[in-house]
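Which chain is which? The protein sequence lines are H and Y, in order.
Counting along the first sequence from 1, when you hit position 191 you're at 191 in my numbering, and nothing is skipped either side.
Counting along the second sequence from 1, when you hit position 9 you're at 321 in my numbering, and nothing is skipped either side.
It should be emphasised that the hints constitute simulated quantities derived from the structure, not laboratory data.
Any given hint might turn out to be false.
Said to hold, decoys possible - In silico DSSO-like links for lysine-lysine, alpha-carbon gap of 30 Å or less: (1) Y/Lys622 - Y/Lys326; (2) Y/Lys538 - H/Lys99; (3) H/Lys115 - H/Lys261; (4) H/Lys159 - H/Lys264; (5) H/Lys264 - H/Lys115; (6) H/Lys99 - Y/Lys471; (7) Y/Lys326 - H/Lys226; (8) H/Lys159 - Y/Lys573; (9) H/Lys159 - Y/Lys411.
In case you want the letters, here they are:
There are 2 protein chains.
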Amino acid sequence: RFGSSPIDSALLSKFETTLGQPPHFLLRRGIVFSHRDMDQILALHSQGKPFFLYTGRGPSSEAMHMGHVIPFLFTKWLQEAFNVPLVIQMTDDEKFLWKDISLETARSYTTENAKDIIALGFDPERTFIFSDLDYIGSSPEFYRNMCRVQKAVTFNQAKGIFGFTESDCIGKISFPAIQAAPSFSSSFPHIFNSRSDIPCLIPCAIDQDPYFRMTRDVAPRIGCPKPALLHSTFFPALQGCQTKMSASDPNSSVFLTDTPKAVKDKINKYAFSGGGATVEEHKKNGGNCDIDVSYQYLRFFLDDDQRLEKIL
Amino acid sequence: RFGSSPIDSALLSKFETTLGQPPHFLLRRGIVFSHRDMDQILALHSQGKPFFLYTGRGPSSEAMHMGHVIPFLFTKWLQEAFNVPLVIQMTDDEKFLWKDISLETARSYTTENAKDIIALGFDPERTFIFSDLDYIGSSPEFYRNMCRVQKAVTFNQAKGIFGFTESDCIGKISFPAIQAAPSFSSSFPHIFNSRSDIPCLIPCAIDQDPYFRMTRDVAPRIGCPKPALLHSTFFPALQGCQTKMSASDPNSSVFLTDTPKAVKDKINKYAFSGGGATVEEHKKNGGNCDIDVSYQYLRFFLDDDQRLEKIL
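Just chain H, same shape as in the assembly:
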């Protein structure tokens, strides 16, 4: 897919050799399924050279759902396995530009979502979570990197990558530069001591890849290292594996704010079943785990391979 590479057994072996521990189950199970330049990041780690992690969240509502959690859970493992700094961008400016909400509302979503992200247990000493609406106005270096990227990308290029039209507002059109800027260590002088040469690894859902293909294209032209990438697939909605969880449809998603009972009820009521059409049929043929949403969720959350194998 546009120059990314699948995560194959050779790379999984390199992970194991480099870290001295098995790769995360999301990697082993193909949920984190492709990458760009991950070999180079593993090589850096072997040589004791620094790099940092960057991921983000578009805070589109107060409630995060389980699908949003996957890249963060995986990022947490990466931070622990590699013992590196992590920056987490909350693109509240993006949500203001794209949605019919005020800046104040977008900013409040950042606070609510940040609580859920913090609750996942990132290393407080090595993690920087920031609101664009706050941080861009607090960091001349971040703004300068935005300018550098904005100078290096034309409307035509942004249109080609993101499908912008002439009716889109000018904020949307220049936004990709804001998502690009955290890939460069010089955007965080307080973390990286004003160094601009520290490489970045971005774990993200695959739909974010266009932003970072653009970033990788621009990086050498502005004298910065290209960020490496690890792509994860989508977490399926309750309605089935071909659907994506949507925060705007409460019945498609399990939210972090749902009570344990609400989660159980939702799964029982809405989760697409791979079971047989009748009890007899089910007893005879068994269920189809490939399309059974409950089983698929276990693939994302159950770290015990043997138990998962047994359920299959």
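Start from chain H and add chain Y according to the hints.
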């Protein structure tokens, strides 16, 4: 011109009544020649209500020429006459985006140009000169106003106003929002105590009007007062009244860094003359002051009406 009004004798009388002093000679001589909503600003002043001044400079080189000085000289008079705060935006980010220079070079032009601007004698207690490259990264409120404007203007609108093409970089396309933001008092919470309702008067050269027509269009949609405007005409280049001084052509301009002797030599050598073709012709018919660059310069700089009249 697109809804602006000429500065006529009625408005000049209002100036005089409001201020208890004659309007500045640039107003009287039609060099500051049109306006938007200046009546409302005069009314505010009469009522003792606050407003502020905003002007700016695109620091495209180290050297400012006399043409650049005119709006600042006039702004200085406005500040003294009305006794109001003034913000001066140095758009070094714009110059970085438009020109083949680095951010560091653009930022250094701000410092050099700011020295020339300061030397004109603005009230140090009531004047805030800022570099975009520094201030945007130091003011969340400024960035938020940028976002508000960027959400309210489409590519199509920006194209219609500024003639952008699809080959322009995305930074240029969103830049007009950066020039709009200082029109709103909430962009300077440290000056206006976080008030968002203080009206703005922008003295500027006429070529900047498109930015502020856009700003006036957007202002009510983001809950801010429309800025008022005072437009000045161009200062002619040495080559003649139909030409505009250009910093990139040293022989077209008198620079603030030129020595008195260099100024004299430039005027003598290059200033387009309205004199007769021969001494005889000149003695018979006199000169044509309308096209004589030396005389035109006196219209911009000689505040003594009687002396100017005598020269004519």
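Verification of the hints:
For the proposed pair Y/Lys622 and Y/Lys326, the alpha carbon gap of about 28 Å is at most 30 Å, so the pair holds. For the given pair, Y/Lys538 sits about 25 Å from H/Lys99 by alpha-carbon distance, which is consistent with the 30 Å threshold. Note on H/Lys115 and H/Lys261: the hinted pairing holds, with a Cα-Cα distance of about 22 Å set against a maximum of 30 Å. The straight-line distance between the Cα atoms of H/Lys159 and H/Lys264 is roughly 43 Å, outside the 30 Å bound, and the hint therefore fails.
For the hint pairing H/Lys264 with H/Lys115, the CA-to-CA distance comes to about 23 Å; that is within 30 Å, so the pair holds. For the given pair, H/Lys99 sits about 23 Å from Y/Lys471 by alpha-carbon distance, which is consistent with the 30 Å threshold. Restraint check: the Cα-Cα separation between Y/Lys326 and H/Lys226 comes to about 61 Å, which exceeds 30 Å; the hinted pair is violated. A C-alpha spacing of about 54 Å is found between H/Lys159 and Y/Lys573, which places the hinted pair above 30 Å, so the restraint is violated.
A threshold of 30 Å between alpha carbons decides the hint, and for H/Lys159 with Y/Lys411 the separation of about 23 Å falls inside it, so the pair holds.
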